[in-house]
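Protein chains in written order, with our numbering: chain A, 1 to 179; chain B, 1 to 184.
Treat the hints as calculated values from the structure; they're not laboratory data. Ideal placement from N, C-alpha and C gives every residue a C-beta, glycine not left out. Any given hint could turn out to be false.
In silico negatives: residues of chain A with every beta carbon more than 12 Å from chain B [what the hints assert, rightly or not]: (1) 43; (2) 44; (3) 175.
Label-pair distances were calculated between CB atoms; the ranges are [stated by the list, open to error]: (4) B:78 x A:60: 37 to 47 Å; (5) B:83 x A:132: 50 to 60 Å; (6) B:20 x A:21: 50 to 60 Å.
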Amino acid sequence: MSDDSVPLALPLLRLASGSSEVTTLYRELRKPLLRYLVCLGLSSDEAQDVVQDAFLSLQRHLASDAPQENIRGWLFRVAHNQARNRQASYHRRFSEPLDGEIDFLADDATPEQRVLEKEKFRRLAAAIRLLTESERECLLLRAGGLRYREIGEVLGMAVSTVGDTVERAIKKLAEKCNV
Amino acid sequence: MCDVQAKLIAWLDGELSSDESADLDRHIKGCQECRDRLATYKQVSEAFEVYCDAVVAGKMRQRVSRWVPVLASAVAAGVVLFLAFSQRRIEPPPVLAPTLAATSVPVPALRAAEAAPPKTIRRRHAVPPVQKRAIKWQPTETAVQIAIPAEAMFPPGAIPEGMNFIAELSIAPDGSVQQVRLRQ
Numbered sequence: 001m002s003d004d005s006v007p008l009a010l011p012l013l014r015l016a017s018g019s020s021e022v023t024t025l026y027r028e029l030r031k032p033l034l035r036y037l038v039c040l041g042l043s044s045d046e047a048q049d050v051v052q053d054a055f056l057s058l059q060r061h062l063a064s065d066a067p068q069e070n071i072r073g074w075l076f077r078v079a080h081n082q083a084r085n086r087q088a089s090y091h092r093r094f095s096e097p098l099d100g101e102i103d104f105l106a107d108d109a110t111p112e113q114r115v116l117e118k119e120k121f122r123r124l125a126a127a128i129r130l131l132t133e134s135e136r137e138c139l140l141l142r143a144g145g146l147r148y149r150e151i152g153e154v155l156g157m158a159v160s161t162v163g164d165t166v167e168r169a170i171k172k173l174a175e176k177c178n179v
Numbered sequence: 001m002c003d004v005q006a007k008l009i010a011w012l013d014g015e016l017s018s019d020e021s022a023d024l025d026r027h028i029k030g031c032q033e034c035r036d037r038l039a040t041y042k043q044v045s046e047a048f049e050v051y052c053d054a055v056v057a058g059k060m061r062q063r064v065s066r067w068v069p070v071l072a073s074a075v076a077a078g079v080v081l082f083l084a085f086s087q088r089r090i091e092p093p094p095v096l097a098p099t100l101a102a103t104s105v106p107v108p109a110l111r112a113a114e115a116a117p118p119k120t121i122r123r124r125h126a127v128p129p130v131q132k133r134a135i136k137w138q139p140t141e142t143a144v145q146i147a148i149p150a151e152a153m154f155p156p157g158a159i160p161e162g163m164n165f166i167a168e169l170s171i172a173p174d175g176s177v178q179q180v181r182l183r184q
């Protein structure tokens with residue numbers, strides 16, 4: 001997803017063009033946040049709303065006297081909680097088959113390549129649907145570049161539990177996909 | 001099976017302490033099985049990220065496709081409006097053409113009448129050539145001969161009886177008498 005593929009909400013246009021700490025964080029984390037939220041099952045519109053709310057909360061957080069360590073983990077946690085609150089049908093939507101919605105092949109791929117890649121992708125999608133909720137969330141946050149400690153803060157888990165969960169999830173996918 | 005395999009993913013993610021990481025580095029260099037497993041975990045991790053990107057792209061396409069009917073309707077409405085307005089602009093010429101054609105007869109007449117004064121002025125200036133012709137037509141011989149009885153021109157007894165005179169008149173083209181000469 002390109003930077004321009006998702007239009008900015010109006011209040012965030014100021015953020016995108018500014019030079020404050022929030023602006024730097026916005027440029028760095030907007031895309032991973034959107035990806036995380038959309039992969040959780042939110043629509044792109046919902047995801048943008050959540051991102052906007054999260055950054056507005058961040059502005060208030062930075063202006064307050066609250067401890068300001070690990071801002072990235074804080075931001076993902078706020079977004080994660082807001083997504084959970086908004087997403088009434090979270091479990092159902094995340095479990096929906098996504099095979100028909102995805103388009104990941106290059107335009108110059110041959111028909112054979114397309115068939116093979118599609119089959120691999122179908123197996124991966126099926127394996128992902130077999131993961132537990134916490135395993136999926138751990139992998140999504142890991143794919144967003146978060147450290148285990150940050151993932152633990154977002155999901156309210158111990159760092160060691162995060163490590164175990166990530167390891168279990170990766171091994172499940174490797175096994176199911178026959179990689 | 002190596003006893004360090006449980007730490008491979010944490011090593012891949014850079015989550016081990018520096019001591020643990022250094023130990024694992026040495027082990028991996030000499031263990032093909034661990035290197036193969038690491039390659040598999042890397043591949044799965046990358047595939048998962050590709051999957052996430054594909055999901056996001058699919059959602060975005062759905063979002064765009066949701067707007068397609070709206071955009072198509074807007075474009076169609078725009079085209080209809082454009083055609084309607086453009087036809088209005090084009091229609092008048094054929095409608096007005098007959099009107100113009102019907103009124104085209106008096107219009108030139110009126111224009112001619114309006115243009116008459118300058119033409120009249122030109123005609124005034126054209127008169128001199130006519131006068132030149134009159135000058136060129138300088139009479140050198142009698143144009144008209146009229147016999148007039150002497151008693152009708154002179155009092156009785158002023159001239160001998162039976163004498164007649166011939167009056168030679170030179171008449172200009174405009175009808176005026178230019179010269180009169182009497183001869184016997």
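Evaluation of the provided hints:
no. : hint                     : verdict
1   : 43                       : violated, 7 Å
2   : 44                       : violated, 5 Å
3   : 175                      : violated, 10 Å
4   : B:78 x A:60: 37 to 47 Å  : holds, 44 Å
5   : B:83 x A:132: 50 to 60 Å : holds, 59 Å
6   : B:20 x A:21: 50 to 60 Å  : violated, 34 Å
Of the hints listed earlier, those the structure fails to meet are numbers 1, 2, 3, 6, in rising order.
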